[in-house]
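*Asks:* Letter by letter, the chains look like this.
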Amino acid sequence: MSPGPTHARRRSVKRTLTGYLFLSPALVFYLVFLVVPIAMSLYISFRDWNMLVPMTGSRFVGLKNYTYLLTRDELFVIAVKNTIIYATGTVFVGMALALGIAILLLRVRGATFWRFVMFAPVVTPSVAVARIWGGLYRPAEGLANAILRMVHLPPQQWLADPNICLYSIILIAVWAGIGATVIVFTAGLKGIPEVYYDAAKLDGAGPWGEFRHITVPMLRPTILFLSVTGLIGAWQAFDLIFMLAVGGTEAGTSPVRSVIVLALYLYQMAFKNLRMGRACAGAFLLFLIVLGISFLVLRVLRKGGVESYE
Amino acid sequence: MSEPLALPRVPAMRKELEPGEGGKSAARQRGRRRRRVLGKLLLHASVLLIGLAMFLPFFWILSASVMTYEEVTAIPPRWVPSTPQWGNYGAVLRDPNVPLLKYFKNSFIVSTAVTLAVLLTSSLAGYALAKLKFPGRDAIFTFTLSTMMFPVFLFLIPVYYILKRFPLLGGNDVLGMGGTGALQSYAALIVPFVVSAWGVFLMRQFMMTIPDELIDAARIDGASDLGIFSMVVMPLVKPALATLAIFTFIGQWNYFLWPMIVTTSAPHLMTVPVGLRLMGTAYSTAVNMNKLLAATVMAIAPSVCVFLALQRYYVKGFVLSGFK
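Chains G and A are the protein sequences, given in the same order.
Heads up: the first sequence begins at 1 in this note's numbering, then just goes up one per residue.
Heads up: the second sequence begins at 1001 in this note's numbering, then just goes up one per residue.
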């Protein structure tokens, strides 16, 4: 005895209603804090607006905000270049180091303790990270140069040297983030079946051969995930550069242009210069860049390798 | 925790090696054995070195937070204070210029409220996406995932404006004009974060692992979806809730950009990171660096303690986020 068609439909309507009822807090939030703001950002990006007057009272300027950023503002181009260096440095150097450390830690006892030590910076507030490293990087009183002198290397000016300021901050970011990457790689490494290594040994593969032909291909999904999420985050990096380069007492004396990244540029454009149109146009350009990079990474890393992992 | 230089393992290794090596000459065997031991030593030495390098910044701030001002700024730098100045902590807490305790109170209110809200909204949405079938469900899930790609800078300006123009709040009229809207209240720091796409994703993934039979059985027994959700599903996803709670709490506790933007015009709402940074600029570091560092240690303590106490869940969250 099957229920009639009307009965079935009523049940499916009720199921749909229940589903949307459970989702309603999230959906209302998506609407108010995601969909509407994105639409507003797009609208603002075509206008000249300073937030002091109502948004609708702003002037329509067409694509001028976009063309200004791309062709007229040298600082925007510099910010993009710096962000490329920063994102590439933090993500790929960080991943290479983390993979090495994760492999080392699988071979020692007390690895949990060391993973824990490495994870502590991940949960440390960025303000504290900036303050700690601002102290360590002081040219005369800081421990960074004291250590360099101990191993007979020339001391550096760190944040005060425009040539290495950005790299000094990359070093901090790698320190602050590597613990998380090590944990994810460790999980990935533990997921590689031991038989593959046994087989490779039978075939006479050395440690390097095992690494190249088993570890790296098997870690492809992990590497893919870490690259995409890492790059999305790194292209928006703000806190450390803001605090160490322009916004705090730890700030070095390097000119802003030697460290400015996109997020800092957008922040200053919006909340210092009050050019909301340019800031929103820049945010969309940033979004397009992040989107492009993600697709690129997906294409490069998806090719070949272990497809079944997805 | 066992010490890293686990040398006692080496003799055991030697024994394992001995069989299969029968035909080789004794000298070559010894050489190979020595290389093994050397490699093991090198391995442990490098792990120790990396660990020390990672810990060094923490060691410095702990040590410098109990130094005198002269010691913090000494040239060449000092590694440890001659006598620990524990008074630095009390001094910065009592300093009337920096309401550190108020920053802590604000951070605690905001982080707790956001965490509770995220737990509720994520599990409700996660249940619908994992265990109910209805048109549009998969599209909503895809949308949830895709939102993680949008840069935060797409939202800062509009959300700031929406909060400022919120009707009937903070002196605003029905059209949202005339006042400061929701900007001068805790709501400005809490409401934009009450739903987390990552949280929805995490809860959905976790709830997918609950067998449908369990839910069907409860339904046959006459339970409503709300009943199934609260009596059957929620108790089973406690580990995921713990993970999400720690992530959200620590994330909010440490969050800097948005609180800074909002509290520029509302200093009474300043959270710990914003206040701490302000202390670095308002305070003259040249005078008070040691106390500044004591305040910094206090700012780190809550997130590190939460992490210490519940690290099992936190680490699990990191691993989970890596494997869909």
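To be clear, the hints were calculated from the coordinates, so they are not data collected in a lab.
A couple of the hints might just be wrong.
Here are the simulated lysine-lysine pairs, DSS-like style, with alpha carbons at most 25 Å apart [unchecked claim]:
#, chain 1, residue 1, chain 2, residue 2
1, A, K1133, G, K14
2, A, K1040, A, K1102
3, G, K190, A, K1164
4, A, K1238, A, K1133
5, G, K190, A, K1105
6, G, K81, G, K64
Facing chain A, according to a computed beta carbon distance under 7 Å, are these residues of chain G, among others [to be verified]:
#, residue
7, L104
8, M118
9, H213
Note that the coordinates shown come from a computational prediction; the quantities given were computed from them, not determined experimentally.
Every residue, glycine too, gets a C-beta built ideally from N, C-alpha and C.
*Asks:* Classify the hint on L104/G as holds or violated, based on whether any CB of chain A lies nearer than 7 Å to its CB.
*Replies:* Because about 6 Å separates L104/G from the closest Cβ in chain A, which is inside the 7 Å limit, the hint holds.
*Asks:* Under the criterion of a CB-CB separation shorter than 7 Å, is H213/G in contact with chain A as hinted?
*Replies:* 21 Å, violated
*Asks:* Run the distance test for K1040/A versus K1102/A: straight-line Cα separation, threshold 25 Å.
*Replies:* Between K1040/A and K1102/A the Cα gap is close to 51 Å, so the pair fails against 25 Å, i.e. violated.
*Asks:* Taken at face value, is the distance from the CA of K1105/A to the CA of K190/G at most 25 Å?
*Replies:* Between K190/G and K1105/A the Cα gap is close to 42 Å, so the pair fails against 25 Å, i.e. violated.
*Asks:* Would the hint linking K190/G and K1164/A be met if the CA-CA limit is 25 Å?
*Replies:* 50 Å, violated
*Asks:* Sort out whether K64/G lies within 25 Å of K81/G, counting only the CA atoms.
*Replies:* Answer holds: K81/G to K64/G is near 22 Å, not above 25 Å.
*Asks:* Measure nothing beyond the straight line between the CA atoms of K1133/A and K14/G; if it is 25 Å or shorter, mark the hint as holding.
*Replies:* With Cα atoms ~11 Å apart, K1133/A and K14/G stay inside 25 Å; holds.
*Asks:* Assess, step by step, whether the Cα of K1238/A is no farther than 25 Å from the Cα of K1133/A, and give holds or violated.
*Replies:* It holds: about 23 Å lies between the C-alpha atoms, which stays within 25 Å.
*Asks:* Tell me if the interface restraint on M118/G is satisfied: Cβ within less than 7 Å of some Cβ in chain A.
*Replies:* Since the shortest Cβ distance to chain A is 5 Å, the answer is holds.
Going down the numbered hints, you'll see the structure goes against 2, 3, 5 and 9, while the others check out.
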